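Those sequence lines, one after another, are chains A and B. Letter by letter, the first sequence follows residues 1 to 153 in the working numbering. Letter by letter, the second sequence follows residues 154 to 475 in the working numbering.
The set of hints was computed from the structure by calculation and includes no laboratory data. Incorrect hints may appear among the rest.
What the hints assert, rightly or not - Here are a few chain B residues that face chain A, going by a calculated C-beta distance under 7 Å:
1. Pro248
2. Ala375
3. Gly457
Quick caveat, the model's predicted, so the values are computed rather than measured. Beta carbons are placed, not taken as given, at the ideal position from N, Cα and C, and that holds for glycine.
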Amino acid sequence: MTETTGRPLSDGDLTLVTMLARGLTTGLAAREMHLSPYTVGERISTLLMRFSCKNRAELVAFCYVHGLLAGQAWPPDQATPDPRRQPEGGRAVMPFDALQELREAGQPVDLLSTRQREILASLSEHEVGVLLSIQRRLSEVEPEVDGQELKLL
Amino acid sequence: MSSPGRLSDPDAEAAVVLASCAGGDELVAVHDALTGSLGTPSVLIGQADLASTPITLDLTSGLLDVGGRRVRPTVVWARHWGAGAIAAHARPAGPVSSLAAATWSEFIRQLTQSAAVTLPGTAPVPPEQLADAARLGVPTPRTVLTTDAAAGARQLGSPRVVVKTANFRLYEPDRQAWQACWPRITDRDAVTAGAGERGRPVIVQEYVEHVRELRVYYLNGAICAFAVRKAHPSSPWTDPLSVSVTPVDCPPDAAEVVQTLCAAWQLSYGAFDLLVTGAGETVFLEVNQDGDWLWYERRARWHGVSFLAAAMVGQLFAQVAA
Numbered sequence: 001m002t003e004t005t006g007r008p009l010s011d012g013d014l015t016l017v018t019m020l021a022r023g024l025t026t027g028l029a030a031r032e033m034h035l036s037p038y039t040v041g042e043r044i045s046t047l048l049m050r051f052s053c054k055n056r057a058e059l060v061a062f063c064y065v066h067g068l069l070a071g072q073a074w075p076p077d078q079a080t081p082d083p084r085r086q087p088e089g090g091r092a093v094m095p096f097d098a099l100q101e102l103r104e105a106g107q108p109v110d111l112l113s114t115r116q117r118e119i120l121a122s123l124s125e126h127e128v129g130v131l132l133s134i135q136r137r138l139s140e141v142e143p144e145v146d147g148q149e150l151k152l153l
Numbered sequence: 154m155s156s157p158g159r160l161s162d163p164d165a166e167a168a169v170v171l172a173s174c175a176g177g178d179e180l181v182a183v184h185d186a187l188t189g190s191l192g193t194p195s196v197l198i199g200q201a202d203l204a205s206t207p208i209t210l211d212l213t214s215g216l217l218d219v220g221g222r223r224v225r226p227t228v229v230w231a232r233h234w235g236a237g238a239i240a241a242h243a244r245p246a247g248p249v250s251s252l253a254a255a256t257w258s259e260f261i262r263q264l265t266q267s268a269a270v271t272l273p274g275t276a277p278v279p280p281e282q283l284a285d286a287a288r289l290g291v292p293t294p295r296t297v298l299t300t301d302a303a304a305g306a307r308q309l310g311s312p313r314v315v316v317k318t319a320n321f322r323l324y325e326p327d328r329q330a331w332q333a334c335w336p337r338i339t340d341r342d343a344v345t346a347g348a349g350e351r352g353r354p355v356i357v358q359e360y361v362e363h364v365r366e367l368r369v370y371y372l373n374g375a376i377c378a379f380a381v382r383k384a385h386p387s388s389p390w391t392d393p394l395s396v397s398v399t400p401v402d403c404p405p406d407a408a409e410v411v412q413t414l415c416a417a418w419q420l421s422y423g424a425f426d427l428l429v430t431g432a433g434e435t436v437f438l439e440v441n442q443d444g445d446w447l448w449y450e451r452r453a454r455w456h457g458v459s460f461l462a463a464a465m466v467g468q469l470f471a472q473v474a475a
């Protein structure tokens, strides 16, 4: 059942939806909230179900429209640091960190063995980009379509 | 695991060989990640290749030729390569003779023998898994195999039971016929033989009251879990969009069950179905060493299993190559 009134968002959920409104990934939001990506993903799923929203964009829009998210939540306050933005010239002074890039994209890097992490740590920015593009491609297949395909589970 | 020790063609490139004889595109995703990002040579043999691509395995040298590309299989991951699955799910769709299915199955078995590392390993078949797991101290539901579901239910004594057919998707190509095989929960006294169950054994299992259902993936040490919420056991086929799949931290007790069973069965990969009771106990239902993951990932909109699978294969290849 869709909930449109009644309980306001908890402080934690409000923080999370504000981060989603600012475009943060699950991984980045998890890092900011000092939670695991799974926990954050679970919270997002719970909110999606609570408000019968199909995706994060609809969730953010829903929260704005129903006054659950304050108008000043976006655009972000310039004084509030955005974890995605490096200092000027950040890429030049910060070496590329493949594991961090993958982690921020929501990949379960911390479940890998030490040897697996070593291999992935050696990937170039381009190679990480290719890996993440494969992940994105998988995401682009809608479950509705996949549901029509053979699945042996 | 076996060592080929045969290098008659030093020019043949060592490579990962991924053979997917039925099911989804799980190994396509792994292949793309290996070749596109990790720099690992990889050969993909898909369902359609079985019918259309010239493939030769040299039993003396252990070398594999796929469409003119000659490689030395180093890591082989073969999925759904039993004769029944090959016959039921041929691509392009069409009748495959029992002989053709059996010879392809034997071919893939030989292919796995030619590699230094083979995935995923071999678990017992589902009903046998339960007895084996119970012997290892893992909680399992009481289960009978029977041609008389009502008698089986009475024998269990549980007020509610689950009636199901193991792996029906693998052997039954006609999706219309799946309906007769869908698992169903029913009161013990209401159990009757389903239309499709007469004349063949079914699994009748004690229904375990639970607070959480988990699909847990084991990938050579890495464990990741999804919480699954569905109205009925058949919902993934009858109403897939109603099934909620959420990535979660694997509870320690569930992780221990998975590790125990994978160690006992020497599995490098497995898709586990587990229940967590109100008392926090993890109950083992089944592991599928060929278990799909893309459907769960897409429902969860998180592709961590594909990522872990590619990392696992890439690391195994690097380990052998070193």
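Here is what the structure says about each hint:
1. Given the 7 Å rule on beta carbons, the hint for Pro248/B is violated: about 17 Å separates it from the nearest Cβ of chain A.
2. With a cut of 7 Å, the hint placing Ala375/B at the interface with chain A holds, because the nearest CB-to-CB distance is about 4 Å.
3. Residue-level restraint check for Gly457/B holds (minimum Cβ-Cβ distance to chain A is 4 Å; threshold 7 Å).
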